[in-house]
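Join the two chains into one complex using the hints; note that each chain is given alone, in its own frame.
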Amino acid sequence: MSEHILETQNLTKEFKGFVAVSNVNLSVKTGHIHALIGPNGAGKSTVFNLVTRFLTATTGKILFEGRDITTTKPADIARLGMVRSFQISAVFPHMSVRENVRVALQRATGSAYHFWKSATSLNELNARADDLLEQVGLLSHADALTVELPYGRKRALELATTLALDPRLMLLDEPTQGMGHEDVGRITDLIRKVSANRTILMVEHNLSVVSRLCDRITVLQRGAVLTEGNYEQVSADPQVRAAYLGGSHAA
Amino acid sequence: MTKIQARNRLYLLLVAIVIGLLAPLVVYPVFLMKILCFALFACAFNLLLGFTGLLSFGHAAFFGGAAYVTGHALSVWGLPFELGILAGTLAATVMGAIVGKLAIRRQGIYFAMVTLALAQLIYFLCLQAPFTGGENGQQGIPRGFALGILDLSNNTTLYYVVLVIFSLGFGLVYRVINSPFGQVLKAVRENEPRAISLGYDTDRVKLTAFIVSSALAGLAGATKAVVFQLASLTDVHWHMSGEVVLMTLLGGVGTLIGPVVGAGVVVTLQNTLSSGPLNAYVPVVLGGIFVVCVLAFRRGIVGEIKALIKQSF
Ligand SMILES: Nc1ncnc2c1ncn2[C@@H]1O[C@H](COP(=O)(O)OP(=O)(O)OP(=O)(O)O)[C@@H](O)[C@H]1O
Ligand SMILES: [Mg+2]
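Line by line, the protein sequences are chains A and B. Taking UniProt numbering, the leading residue of the first sequence gets 1, the next gets one more, and so forth. Taking UniProt numbering, the leading residue of the second sequence gets 1, the next gets one more, and so forth.
Keep in mind the hints are simulated off the structure, nothing from the lab. Keep in mind that the hints are not guaranteed to be accurate.
Derived CB-CB ranges, DEER-like [what the hints assert, rightly or not]:
no.: 1; chain 1: B; residue 1: T234; chain 2: A; residue 2: K16; range: 44 to 54 Å
no.: 2; chain 1: B; residue 1: R105; chain 2: A; residue 2: Q239; range: 38 to 48 Å
no.: 3; chain 1: B; residue 1: L295; chain 2: A; residue 2: V147; range: 18 to 28 Å
no.: 4; chain 1: B; residue 1: Q5; chain 2: A; residue 2: K193; range: 47 to 57 Å
no.: 5; chain 1: B; residue 1: I109; chain 2: A; residue 2: K16; range: 18 to 28 Å
no.: 6; chain 1: A; residue 1: T71; chain 2: B; residue 2: L147; range: 53 to 63 Å
Straight-line distance between alpha carbons at most 35 Å, and here's what the computed DSBU-like set of lysine-lysine pairs gives [as the list claims (entries may be wrong)]:
no.: 7; chain 1: B; residue 1: K310; chain 2: A; residue 2: K73
no.: 8; chain 1: B; residue 1: K101; chain 2: A; residue 2: K16
no.: 9; chain 1: A; residue 1: K73; chain 2: A; residue 2: K117
no.: 10; chain 1: B; residue 1: K306; chain 2: A; residue 2: K117
no.: 11; chain 1: A; residue 1: K73; chain 2: A; residue 2: K29
no.: 12; chain 1: B; residue 1: K310; chain 2: A; residue 2: K117
no.: 13; chain 1: A; residue 1: K117; chain 2: B; residue 2: K101
no.: 14; chain 1: A; residue 1: K61; chain 2: B; residue 2: K101
no.: 15; chain 1: A; residue 1: K193; chain 2: A; residue 2: K16
no.: 16; chain 1: A; residue 1: K193; chain 2: B; residue 2: K101
no.: 17; chain 1: A; residue 1: K193; chain 2: A; residue 2: K73
no.: 18; chain 1: B; residue 1: K310; chain 2: B; residue 2: K101
no.: 19; chain 1: A; residue 1: K61; chain 2: A; residue 2: K117
In this text, a Cβ means the ideal position worked out from N, Cα and C, and glycines have one as well.
Next up, chain B with everything else stripped away, as it sits in the complex (with noise of 0.2 Å):
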C-alpha cells in the first residue's frame, strides 16, 4: 500500500467513524442497527467468497442458528447480554467448523451443494426442535443491559453497542485479509496446486477462513436477534443464505467495503419497497436487480467505482 492509499483510508475511516456516530440524530436507529447486521453477516460471508473463493450457499445456518441459542440464553437461562451473544456466536463456531469439516473437500459447485444440504438439515432441526418455538419462532427476546448498567431497551443506546460490535467485526476482517494467514489465503485461492507443492495444507487453511467466517455470521445472527427480539424460521431458511450472497456481489464481491454498501442497499430497499404498493414484488425487484448486477456490473458497486477510479488517474 502507497502512502497515498493509506491517509485516503485514514479519511474514509474518520468519514465511516462521523457518519456512524451521527447517524442515529437524523435515521430510525432499529434501521440503522438492521443494516449493520447484515453488513456484518456480509462481510462475514465476503471473507470466504471474496477472499479464500468458496461460495457457500449455507451462510444462513450460522447467522439464525446463533440468532436461536442467543435467544435461548437471554430468554430461558437468562444470561446477560454479553454472555447471551458469546453463547449464539459461539454455536455457530462449532456448526461451522463441523460443516465446513464435511464440505471443504469438494471443489467448485459441490461444495456450494453440500453447504446448502447441511444447512437445510440444520433448518429442519430448527424447525423440530422444541427450544426455537417453530413457526412462532422465539419473541419477546429480553435485551438486558449492556456491561451491567446500558439500558438496552433503548434503541439508541442499543445502536451504540451494535456499532461497537459491528466495528470489532469489520476490524476481524481486515485484520484476516491483513495478516500472515491472509497472505497463504490469498496464495490459496491465486493458484492451489502450487501452494500445496510449497507445504500449505490448502484445506486446512480454507477450513480455518470457513469457521471465522461463520463465527462472525453467527456474531451477526446473535446481534440481530437482540435487536428485534426475535429469533425465527426466517434466519435460518435458504433464502437468508441467497440473500447474503446477492448483497456480496450487489456491493462488490472481494473488497473490503462493499458487502456494507451492499447490506445498505438491499435493507433499505426491502424497506421502503414492503411499505409501499410493490410490497408483493419485493423478490421480484431483488431477483431483477441480481440479474442486472450479474451480467453488466460483475465488479458491484464499490468495485465498479474503484475501477473508475483507477481509469481516471
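Only chain A is shown next, with the shape it has when bound in the complex (with noise of 0.2 Å):
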C-alpha cells in the first residue's frame, strides 16, 4: 500500500486563459481525513473535478494509489476506488430512496447490461441497501420518491449511495452544505465511522466540522496552496485569517 493514496503534481487547469487552478502539489496520506478549504471560487471543486477526471486537466499529472491516472476515464476512476460526491447535491430525483442506492450496489454485480432480466432480481440488494439508509438516518424514507425529500435529506441519500460502492478513496464536495444542526451532527459522526477503514477527501466549510474531523488541511487560494498542516497550524496562519477575512466568505 502506497503512504499516499492521491498525489497531485503541479496540476494546472486553465479556463480561457483563466488559471482556476494553479501548479497545485496534493498530498492525501492514506487513512486520512483531509479537508480541502478555501474562499468561494478558491479552485475547489475544480480540484475535485480534476482528479476524478470530470475535467481534464491543462498540465500536471494526477497519482492513484502510484498509478498514473492523469489519462483514465472518469467511470474506470470508480471503478478503481475514489468516488466522488458532488457540490450540487446528486441524486437520482424520480426513483425510490432505495433504488438509488440499490442502483450503486448494483454495479459490482455486473448486472448493468442485463436488459432480459427482471428488475425483481435486484431485490436481493434491497437488505444492503437499507442498511445503508439506516447509517444515514434514511430508512423510513426508503420508499419515498427522492425528488420529494428536502435539500439535506438529499444530501444524506447521496453520501449513502457513494458509500454503496465501498471506496477506498472517498471525495466529498461539502457533505454537510445545507444541513440542519441536527443533521450536520449525525452526518460528522457517521464520516468519521465510515473513515475508519478508508480516506477522504472533503470540501468543507464548517470549520468546526473541519476541526472535529481532520488529520490534515490544505488551504487553497485563488487556484494555488496557500499553506498545509493540522487544524492548529492552519487556523494560527496570518495568512490564512487574511485570506479569510480578506474573501467574500467568512467560513
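Structure representation (C-alpha cells):
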C-alpha cells in the first residue's frame, strides 16, 4: 500500500486563459481525513473535477495509489476505488430512495447490461441498501420518491450512495452544506465512522466540522496552495486568517 | 408497483389481447397490420426518447433499411419468411451499432443532428444502390409461408403472425425498461454525471439502448415490407423519422402504450384523410396536430389521461 493514496503533481487548469487551479501539489495520506478549504472560487471543486477526471487538466499529473490516472476515463476512476460526491446534491430524483442506493450497489454485481432479466432480481440488494440508509438516518424514507426529500436529506442520500461503492478514497464536496444542525452532527459522526477503513478528501466550509474530523488541511486561494498542516497550524497562520477575512466568505 | 397497479395492468393486458384477437373480424386486416408495424416502430423509438433521453432523428434508416434487406432476402435470395425478417432486423442492428457509435458522444441537439446526417447518408446509399430498385423500390415481395405451413397470402393469417411479432417486440421493450439494465438506463437519464461517478460507462449504456432500439425499428420495417410487399424510399426518407417522433409525442413519450396509441391515431388519420377531399392536406393536418400537441398536451394522449386519473384519486 502506498503511503499516499492520492498525489497531484503541478496540477493546473486554465479556463480560456483564467487559471482556476495553479500548480497544485496535493498529497493525501492513506487513512487520513484530509480537508480542502478556501474562500469561494478558490478552485476546490475544480480540483475534485480534475482528480476524478470530470475535467482534463491543462498540465500536471495525477497518481492514485501510485498509478498514473492522468488520462483515465471518469467511470474507470470509480472502479479503481475513488468515488466522489457533488457540491450540488446529485441524486436520481425520480427513483425511490432505496433505488438510488441500489443502483450503486448494482454496479459490482455486473448486471448493468442485463436487459433480458426482470428488475425484481435486484431485490436481493435491498437488505444492503436498507442497511446503508439506516446509517444515514433515511430508512424510514426508503420507499419515498427522492425528488420529494428536503435538500439536507438528499445530501445524506448521496452519501449513502457513495458509501455503497465502498470506495478506498471518498471525495466529499461540502457534505454538510444545506443541512440542519442535527443532521450536520449525524453526518459528521457518520463520516468519522466510515473513515475507519478508508481515506477521505473533503471540501468543507464549516470549520467546526473540519476541526473535529480532519487530520490534515490544505488551504487553497485563487487556485494555488496557500498553506498546509493540521488544524492548529492552519488556523494560526496569519495568511489564512487574512485570506478568509479578505475573501468574500467568512467560514 | 403496488398490487392494485399490477392488477389493473393485468386487466389492461387481457383487454388488449381480446381486442387484438377479435379486431380483424371488424376492421380490414391490412389496416390493422399497418398500425401494428408503426406502433412497434414508435415503441422502439420511445425506448430511446422516453426511456434513455436521446432524440434520434434518423430512425427511418433502420426502419427502411431493414425493409430493403428483408425484401431482397425474400425476393432474390428466396429465404423463408422468418429468415427474411431476421435478415432485415440484423441489418438494422448493425446499422444501429455503427450510427450509435458515431452519434453517442454528442449531446442534445448535436446527437439528433448526427443521427439525421447519417440517416441521410443511408438514404442516398439506398437511392443509388441497385438492389433497392431506386425510385421504384422493391415491388411484389413474396410473403411466403410462416413456419413453412401458414399461407401468408391470406391477410387474416398474416395479421395474426404480425400480432405475434408486435407482441414479442412490445414485450421486449417492457422487459428492457423493467430490467436491471432499465434501472441503470433510468439513472443515466436522470443524472448522467452521477451515474459516471458511480462507475457506469454511460456512453456504453446509451449505445446498448440505441442498438436495441434500432433492432426493434428494423423488425418493424421488415414486417412492414412483408405486409405491403413493398420496400421503397418513403421508408428511409427523413419524413418517416419525423412521423415516428410525432406518433410518440402524440401518444405520450415515456409511457409504455403511448406510442401504440399515437401510431393508431396517426395511421387512422392518414388513411381517412387521404381517401377524402383533404388528401393533399395530410401533412398540414398532421403538422397542426403536432403543434397543438407540443403546445397544449405535452404529455401526449396517454400521459394526459394518466395525469387525470392521478388527480381524481
Ligand atoms: N467550467 C468552467 N469554466 C470556466 N470557469 C470555471 C469553470 N469551473 C469553474 N470555473 C471558475 O474557476 C474558479 C474556481 O471554481 P471552483 O468551483 O473550483 O471554486 P470552489 O473553490 O469550489 O468555490 P466554492 O467554495 O464556491 O464552491 C471560479 O472562479 C469559477 O468561476
Ligand atoms: Mg466548490
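Against the structure, the hints come out as follows:
Between T234(B) and K16(A) the beta carbons are some 48 Å apart, a value that agrees with the proposed interval 44 to 54 Å. Between R105(B) and Q239(A) the Cβ separation comes to about 44 Å, which falls inside the hinted range of 38 to 48 Å. At roughly 26 Å, the beta-carbon separation of L295(B) and V147(A) lies within the given 18 to 28 Å, and the hint holds. The given range of 47 to 57 Å is broken by Q5(B) and K193(A), whose C-beta atoms sit roughly 39 Å from each other.
Evaluation of the 18 to 28 Å hint for I109(B) and K16(A) yields a pass: the beta carbon distance comes to about 23 Å. Taking the beta carbon of each, T71(A) and L147(B) are about 54 Å apart, inside 53 to 63 Å as hinted. At roughly 43 Å between alpha-carbon atoms, K310(B) and K73(A) are farther apart than 35 Å, so this suggested pair is violated. Between the alpha carbons of K101(B) and K16(A) the distance comes to roughly 30 Å, so the proposed pair stays at or under 35 Å and holds.
Between the alpha carbons of K73(A) and K117(A) the distance comes to roughly 28 Å, so the proposed pair stays at or under 35 Å and holds. The straight-line distance between the Cα atoms of K306(B) and K117(A) is roughly 27 Å, inside the 35 Å bound, and the hint therefore holds. At most 35 Å may separate the alpha-carbon atoms for a hinted pair to count; K73(A) and K29(A) meet this at roughly 23 Å. Restraint check for K310(B) and K117(A): the C-alpha separation of about 29 Å stays at or below 35 Å, so the hint holds.
Restraint check for K117(A) and K101(B): satisfied, since their Cα atoms lie roughly 25 Å apart, inside the 35 Å limit. Taking the CA atoms of K61(A) and K101(B), the gap is near 30 Å; set against the 35 Å cutoff, the hint holds. Restraint check for K193(A) and K16(A): not satisfied, since their Cα atoms lie roughly 42 Å apart, outside the 35 Å limit. This hinted pair does not check out: K193(A) and K101(B) have alpha carbons roughly 44 Å apart, beyond 35 Å.
With a C-alpha separation of about 30 Å, the suggested pairing of K193(A) with K73(A) holds against the 35 Å cut-off. At most 35 Å may separate the alpha-carbon atoms for a hinted pair to count; K310(B) and K101(B) exceed this at roughly 39 Å. Under the criterion of a C-alpha separation no larger than 35 Å, the hint pairing K61(A) with K117(A) is inconsistent with the structure, at around 42 Å.
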